[in-house]
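Undergrad: Sequence:
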Amino acid sequence: MPGKCALLNLILVIFRTFSLLALCLVPVSASPGAKLYVAPMEWNLDQFVSDEIRRQGLPVELVGTEDQADFVMTSLYQKLGSHLIAPGNYIQVRITDAEDGNTVWANEVNDFAVFFGRLRRHGPRKAAEAIVKKLRHRLRGFVKAIAPLGRRPVT
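Numbering-wise (the numbering used here), the sequence shown opens with residue -17 and increments by one.
No lab work stands behind these hints, which were simulated from the structure alone.
Honestly, I wouldn't trust all of these hints.
[To be verified] Here are the simulated lysine-lysine pairs, DSS-like style, with alpha carbons at most 25 Å apart:
id	residue 1	residue 2
1	K108	K61
2	K17	K108
3	K115	K61
4	K116	K61
5	K17	K116
6	K17	K115
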């Protein structure tokens, strides 16, 4: 039953979104010039995310290996729906501290559409834009939170 499958996928996305809410509230502790390694991801998303980080000018230095990094970005990818009925992708992104493995930022992106799914723009570039935009907003929120404490803002 295609309708039932789409509904179950939608419920799964909603559940994952609420489970990530707690992780999204973890304070981001990136200083200017922090070294970030973007691990290989499905859909070649790592290349798109790296390009988008450069394009949007995030205050991080991208490095080529995990050994050089202060933080590591990984992802979990899941295809939702079918090609014609409620198509979409669900991507959970997590940035962890390279030394101790603690999560410093996590969020999710999906392009799941119940109605008019084929009319929406899909693809890894669109997902990368959304991921980096959420990270950029989170870094700006962190800057606003520490600025009153007299610390130098991360811009």
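Undergrad: Run every hint past the structure and note whether it holds.
TA: These are the hints, each one checked on the structure:
Taking the CA atoms of K108 and K61, the gap is near 15 Å; set against the 25 Å cutoff, the hint holds. Distance restraint check for K17 and K108: the Cα-Cα separation of roughly 24 Å lies within the 25 Å cut-off, and the hinted pair is therefore satisfied. Restraint check for K115 and K61: satisfied, since their Cα atoms lie roughly 22 Å apart, inside the 25 Å limit. A distance of roughly 21 Å separates the Cα atoms of K116 and K61; the hinted pair therefore holds under the 25 Å criterion.
Taking the CA atoms of K17 and K116, the gap is about 18 Å. The hint holds against a cut of 25 Å. Taking the CA atoms of K17 and K115, the gap is near 18 Å; set against the 25 Å cutoff, the hint holds.
Violation of the numbered hints given earlier is absent; every hint is satisfied by the structure.
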